[in-house]
Amino acid sequence: MAAGWPTDVSYVDGDVFSAADINDTNGTLNYLNPTSATNNQVVTRDSTAPGKVKWANSPANTLTTTGDLYYASAANTPARLGIGTTGQVLSVAGGVPSWAAAASGATFISRTSFSSSAGVTIDNLFSSTYENYLISIQVYGGTASPTLRMQARYGTTTYTSANYQYAFNGTVFGSSTFVGVRGNAVTYWDLDQIDSGATYYNSYNFSVYRPNASAWMTMTGALTSQVAGRALTGAAAVNANQSWTGLYLYAGAGNITGQVTVYGLAAA
Amino acid sequence: MNNSTPNFDVDFRKEYPTLTQHINGEDVPLTESEYEEKIAEWETYQAEAKVAYQAKAKAEADKIALLARLGLTEDELQTILG
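Residue numbers (the numbering used here), protein chains in the order written: chain A, 1 to 268; chain B, 269 to 350.
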């Protein structure tokens, strides 16, 4: 057979490999022993020895643990980043990814826009990631100048027992006359009159406290009913121990249109 | 501020021949039974709201009439009452 195997040569019928061929002494032997590899390694071109191949790690044997992330620790060098702890966020340190504590302050969670809906279900708002939340709501109604109503949700269930309480008090714009909305042991929060059309949006800003702590969910905040021409502040609660996860909004009558934006507040 | 009288005579079935609900980002049509339940809920709300509105309007009218008979403004009455 032609000499110099396994360099690029043209073999012909009748060539026979001898031990000398196999044990080529010039380092060009291109033989990979399967028993020298570990599970899930793959064959790759050896960049340090052109023309040769070698065993190398694959994603499958680099990612050893649930939650691992795959990244390059240097050029052409795959590496794993083990999952962080609950509440941590992906950050950068020294030019590579790493887990770090979530920044303090408000973190955007979601914005839900809805149009002409008989009811609005928003799940996965509250979790153990944040202790407290900020909610901003803008909404108007369809007909009959109804009130906006809101209920708390956990899992896939809307809580409808008569354990809601709320009181929002204030004045009519430009007047000293006190007005408000309030209720106790009722089946929803009633959040004042909304307009029967897009002329006036009601606006709400609520701080929600520890909704996911297997306890009562409480909130404080302010609202303005533009159609009723008044500004109110107050508080609300649902008196049941639960890990609350979402909200359900609807009007006393007619559809609603608007949006709900939620921010999580870091514990520290 | 809208000072017009709310419309308490909405024909919900005519105005809303179909209804959808917004569930986690998706608009989902109400089933027939859900539609009937929602319309009934709205009609009940409207009837109760009409009664409450009329009672409030009557109370306001009665107060104004009383003040007129007494020859007082509301602020003067508040001052007298302390």
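Watch out, some of these pointers could steer you wrong.
Said to hold, decoys possible - Short, incomplete list of chain B residues facing chain A, as computed with Cβ under 8 Å:
| # | residue |
| --- | --- |
| 1 | P274 |
| 2 | L287 |
| 3 | I291 |
| 4 | N292 |
| 5 | G293 |
| 6 | L298 |
| 7 | K306 |
| 8 | A308 |
| 9 | W310 |
What the hints assert, rightly or not - Stretch-level coverage of chain A by chain B, calculated; a stretch enters the list once three of its residues show a Cβ under 8 Å from a Cβ in chain B:
| # | segment |
| --- | --- |
| 10 | 119-126 |
| 11 | 248-254 |
Simulated from the structure, these hints should not be mistaken for laboratory data.
These numbers were taken from a predicted model, which means no experiment stands behind them.
Every residue gets a Cβ at the ideal spot worked out from N, C-alpha and C, and that includes glycine.
Hint check:
1. P274: 4 Å, holds
2. L287: 4 Å, holds
3. I291: The hint holds - I291 (chain B) has a Cβ within 8 Å of chain A, the shortest such distance being about 4 Å.
4. N292: 5 Å, holds
5. G293: 7 Å, holds
6. L298: 6 Å, holds
7. K306: It holds, given that the least Cβ distance between K306 (chain B) and chain A is near 5 Å, below 8 Å.
8. A308: With a closest approach of 11 Å, the A308 (chain B) hint is violated.
9. W310: 4 Å, holds
10. 119-126: Satisfied; 6 residues make the cut.
11. 248-254: holds (count 3)
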